[in-house]
Amino acid sequence: MATYSTNEFKLGLKVMLDSDPCSIIENEFVKPGKGQAFNRVKLRNLKTGRVMEKTYKSGESLPGADVIELEMQYLYNDGDMWYFMDQNSFEQFAADENAVADAKQWIKGEEMCLVTLWNNAPLSVAAPNFVVLEITDTDPGVRGDTAQGGSKPATLETGAVVKVPLFIENGELLKIDTRTGEYVSRAKD
Amino acid sequence: MGETTDWKPTADFATLIKRAELYKTIREYMSANAVLEVDTPILSHSGISDPYIESVKANSRNYTSDLYLQTSPEFCMKRLLAAGCGSIYQIAHVFRDEEQGRHHATEFSMLEWYRLNMNYHELMDDVIALMQVLGLTVPVKLSYAEAFDQVLRINPHDGDLPALRSRASKFGLASENLDKNQLLDFLFSSVVIKQINAAKNLIIYDYPAEMAALASIRHDDYAIAERFELFVNGLEIANGYNELTDVDEQRERFTRDLNLREKNHADLLPIDEYFLSALDSGLPICSGVAVGLDRLLMVLMNKERIEDVMSFTLVNN
Chain A
1 MATYSTNEFK LGLKVMLDSD PCSIIENEFV KPGKGQAFNR VKLRNLKTGR VMEKTYKSGE
61 SLPGADVIEL EMQYLYNDGD MWYFMDQNSF EQFAADENAV ADAKQWIKGE EMCLVTLWNN
121 APLSVAAPNF VVLEITDTDP GVRGDTAQGG SKPATLETGA VVKVPLFIEN GELLKIDTRT
181 GEYVSRAKD
Chain B
190 MGETTDWKPT ADFATLIKRA ELYKTIREYM SANAVLEVDT PILSHSGISD PYIESVKANS
250 RNYTSDLYLQ TSPEFCMKRL LAAGCGSIYQ IAHVFRDEEQ GRHHATEFSM LEWYRLNMNY
310 HELMDDVIAL MQVLGLTVPV KLSYAEAFDQ VLRINPHDGD LPALRSRASK FGLASENLDK
370 NQLLDFLFSS VVIKQINAAK NLIIYDYPAE MAALASIRHD DYAIAERFEL FVNGLEIANG
430 YNELTDVDEQ RERFTRDLNL REKNHADLLP IDEYFLSALD SGLPICSGVA VGLDRLLMVL
490 MNKERIEDVM SFTLVNN
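For the record, the sequence lines run as chains A and B.
Note that this note's numbering has the first sequence beginning at 1, numbered continuously upward.
Note that this note's numbering has the second sequence beginning at 190, numbered continuously upward.
So here's chain A without its partners, still in its complex pose (with noise of 0.2 Å):
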């Protein structure tokens, strides 16, 4: 893998840090007027979401990440792993409890995820941005309450609970915003 010296650090470049994988968040060029340059850089570990800021002497090289994006889409989970295939090879992928931590709760199957590969193997699973999912436990709707005023929480097909209006039934289908996790609106078949 190449090197990047700090005066190719750009957003979006990966590069390796204590042996994890980790994304250029921020870049500041540092220098006193007659003194020694720096690059200020926040880096998130693309392992733990953790982001930290280093300071690198300018001239100074990071390790390259080998790091992609591909879009692949959800085939199942076999309640070990969770499998992916990239529709241009067709290749599958198995992403384990870890890369898909936070988009298992809103993937039931043929969804396009963004999955993160390192070294070829999935690290980081984003679900779509919106999803529509059955709902399959909630109170009984509240008729004519469709103006304002309180929510329930309601479970549904892949086992996420969110909250929505009270006017809402057993059974509907409803689309969700997966980035904040909330109700946007009812689906239409």
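Since the hints were derived computationally from the structure, they do not count as laboratory data.
Since the model is a prediction, treat every value here as computed from it, not as a measurement.
Hints are not guaranteed to be accurate.
[Claimed, not checked] Calculated cross-link-like contacts (lysine-lysine; reagent style DSSO-like; alpha-carbon spacing at most 27 Å):
| id | chain 1 | residue 1 | chain 2 | residue 2 |
| --- | --- | --- | --- | --- |
| 1 | A | Lys42 | B | Lys383 |
| 2 | B | Lys246 | A | Lys57 |
| 3 | B | Lys452 | A | Lys42 |
| 4 | A | Lys57 | B | Lys369 |
| 5 | B | Lys492 | A | Lys42 |
| 6 | B | Lys197 | A | Lys10 |
| 7 | B | Lys452 | A | Lys54 |
| 8 | A | Lys57 | B | Lys359 |
| 9 | B | Lys359 | A | Lys54 |
| 10 | B | Lys359 | A | Lys10 |
| 11 | A | Lys10 | B | Lys383 |
| 12 | B | Lys389 | B | Lys492 |
| 13 | B | Lys246 | A | Lys54 |
Put chain B on the given structure of chain A with help from the hints.
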């Protein structure tokens, strides 16, 4: 048909107008103080020896040796001072390679001025007076040692390398094997100046002797460079000196700088012998300061990026 769509200036018109007003105010201030405007060349056969400033090289078919774009108009202006032209100022374009970022551009504008028979504290007052004319608040003055003591409780002059290393790594310095000056540069720019809350605006003065550049050195408990810098909202705006007038010491510093550059595998530029001869013939007692005009405009116009105050940059020129 034009081939690009980004031909328009990167600064808005209000900022372009503000720059014109700023230059006018500066010229009025200098004229009222009997400081003469001068104009010196940008191209030179020789360059600077600063360990951490890189020159942009230029070529001309008229000359067999390389030419260099100035990183500051200092040498020519000091030759004018030695020739007896009294207090002078200049607004000049200067060039520094390998400097690019939110607060750095390879080419930028500098106001540099020299006042005869002023020491550097008197020149700080002169800088403050000009800043007040421009509507900026009076900065708080702190010595480099006081600033380090306030924020980090360490003495930057006593040179305890392991202590500096451990503090630097605690604040996120990932590079190893830095020398004392590099560690101080990191702590100063990334910690001290960021955290000091004494005031919006600061003048820091009396730097470690190793950071003297072209400033005179005084021997107190430690060797102190008679140098100052102005910071507005944490941004370095100006750098000034009690000017070194001793030619032998100047030559020694050039040699020491070049040795350090050689060690760092940096370019070695020819020393400016005209400048040294001028010093030898006698530079009057004076202080001088350089102000980054683009950053000053950033502060005055509340802009985030240096290209926001420049008509065009190398991105679209």
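Status of each hint after checking the structure:
1. A/Lys42 with B/Lys383: Holds - the C-alpha atoms of B/Lys383 and A/Lys42 are around 16 Å apart, at most 27 Å.
2. B/Lys246 with A/Lys57: The hint holds at about 23 Å.
3. B/Lys452 with A/Lys42: Answer violated: B/Lys452 to A/Lys42 is near 30 Å, above 27 Å.
4. A/Lys57 with B/Lys369: Holds: A/Lys57 and B/Lys369 sit about 14 Å apart, inside 27 Å.
5. B/Lys492 with A/Lys42: Cα-Cα ~22 Å, so holds.
6. B/Lys197 with A/Lys10: At roughly 25 Å apart (the allowed maximum being 27 Å), A/Lys10 and B/Lys197 satisfy the hint.
7. B/Lys452 with A/Lys54: 26 Å, holds
8. A/Lys57 with B/Lys359: Holds, because 15 Å separates the two Cα atoms, which is no more than 27 Å.
9. B/Lys359 with A/Lys54: 10 Å, holds
10. B/Lys359 with A/Lys10: Between B/Lys359 and A/Lys10 the Cα gap is close to 24 Å, so the pair holds against 27 Å.
11. A/Lys10 with B/Lys383: 23 Å, holds
12. B/Lys389 with B/Lys492: Within the cut-off at roughly 16 Å; holds.
13. B/Lys246 with A/Lys54: Not OK: B/Lys246 and A/Lys54 at ~32 Å, beyond 27 Å, violated.
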